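I would like the entire structure built from these sequences, with the hints used as guidance.
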Amino acid sequence: MIHGVSLLPLIGIGVLIGGFLLRLNPMLVVLAGTLATGIAAHFDAGHLLAAIGSGFVETRNLSLVLVLPLAVVALLERHGLREAAQRIIAAIPGASVARLLVTYLGVREVTAALGLSALFGQAVTVRPWFAPMAQAAAERDRAPSEEEKQRLRAQCAAADNVGLFFGEDIFVAFGAVALMHEVLKSLGYDIAPMRIALWAIPTALCAFVIHAVRVIRFARRLQGRA
Amino acid sequence: MIELLYVLAGIVLAVVALTTFADATHPRRIWTGSFWMLFALTFVLGGRVPPQFVGAGVVAMAAIAGFGGVRSAAHGDNEATRRAGAARLGPRIFVPALAISVVTLLYTVFMHDAFVGLGIGCIVAWAIALVMTRDTPMQSMREARRLLDALGWAALLPQMLAMLGLVFAAAGVGKAVAAVATAYVDVHSPLIAVLVFAGGMALFTAIMGNAFAAFPIMAGGVGLPVLVGVQHGDPAVVAAIGMFSGYCGTLVTPMAANFNVVPSALLELDDTYAVIKAQLGTAIPLWVCNVILLLVLLHR
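First to last, the sequence lines map onto chains G and W. When the count follows the numbering used here, it moves up by one through the first sequence with no breaks and lands on 226 for the last residue. When the count follows the numbering used here, it moves up by one through the second sequence with no breaks and lands on 526 for the last residue.
Quick caveat, the hints were computed from the structure, so don't treat them as lab data. Fair warning: there could be bad hints in the mix.
Beta-carbon label-pair distances, calculated as ranges [said to hold, decoys possible]:
(1) 395/W <-> 224/G: 48 to 58 Å
(2) 306/W <-> 198/G: 35 to 45 Å
(3) 413/W <-> 143/G: 51 to 61 Å
(4) 451/W <-> 94/G: 46 to 56 Å
(5) 510/W <-> 90/G: 33 to 43 Å
In this text, all values refer to a predicted model and were calculated from it rather than measured experimentally. Backbone N, C-alpha and C define an ideal beta-carbon position, used for all residues, glycine too.
In structure tokens:
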């Protein structure tokens, strides 16, 4: 107990950290963490199952945005979407891994800052055409090994995440800015959302520079010119 | 509208489940089919049955997945079809792919609902794709099954973690973390207060998988009372850079599964944590930048 707050529910966090560190199956880790948290908070079995069920029903939108695009992307892949993406890169003189990844990072971040975060995504753009394009660019110099291809694809996913995360908070109407505005207001500080979005810009620039430098260094190593 | 899209996703998953049950060559067709069928039922029946039933289904899905019951079928390589498609359609194949993005965007701008927008975008794109490829809806379901098989249980993980976040909130985990984080703060040292705030945001975000859950607690516990109340910093700077400190935590946690774990499965990477490893080298220096920016910009 600290200041009258029970610390018992933290057991669930311990279960999660331990489970992930031991590299147990994530589904089992999450299930165990959920059950431990509920038991520590003295939920009975019915209450715990109801909490799990209503939590799951409330968050169906997360799986919706995965399942529906996959059905479309899968059909397009059958008819050569990835091959078409690779042909486009092959046709552009001067296309390189570094240029492609840095361009994607920049476009992803700027469009997210303009409120256009829905244009890109792991299921909508990274798997169907961005990763195949990066692979085609890498194959221009030499044939990468399977391990190098996998690390390249992981870099594609990372470029999408970094661009999205550190761009979207600059957009005034984004949920995060609204949330910050509401929290500050509830604590007695009424700050214009525009000012919150403005002070996101320094970090957004740092994120672009740091990640772009890392991407360029990664591309150099990939091309064996470290 | 969103309920109709949930039913549609449920139908896709149910077709995947039924074709898995019917696949005599599948190594675990009963368990794998049951997993996808339970997933389908949570979509279709989610809001219509008492939550205890959904909860029991979720526990069953997690157990099936956790003990290795979800396996992929043997999907043959259709290289000939892909090459023929690429030759016949060329860059036009991008039209349906980009239609998802464009329709989602338009709907979000005018109707302010990105989830419904994405759903409608997918329906439009699916129709264009069927016409353009002259393929059947059933074939598109077979292809959807191929991709869902590639994802396996990772398809369920984002929703499991979001559910866990809500159970955490109901059990008072946030209050307990805030109590620990704020119990030992020296409110008069700007450096220590900034380190506790930015560190707490990153750590708590990594644990919860979501900076939005960490922000109210850390802003209410340290950010505003100490950095603004005691040290008279600018609340807009505290909020904006505090949230970004949390995002550095998002970059390195498997709890943010939709960003970090699902892409590993989508991109067929052997290492589940490959995306996190690619992001770690950005997250650490960026977090340090946030601490410096907080110290510098707090009292301009």
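Okay, the hints, checked on the actual structure:
no.: 1; hint: 395/W <-> 224/G: 48 to 58 Å; verdict: 50 Å, holds
no.: 2; hint: 306/W <-> 198/G: 35 to 45 Å; verdict: 55 Å, violated
no.: 3; hint: 413/W <-> 143/G: 51 to 61 Å; verdict: 59 Å, holds
no.: 4; hint: 451/W <-> 94/G: 46 to 56 Å; verdict: 54 Å, holds
no.: 5; hint: 510/W <-> 90/G: 33 to 43 Å; verdict: 36 Å, holds
Hint 2 alone, counting from the list given before, is not met by this structure.
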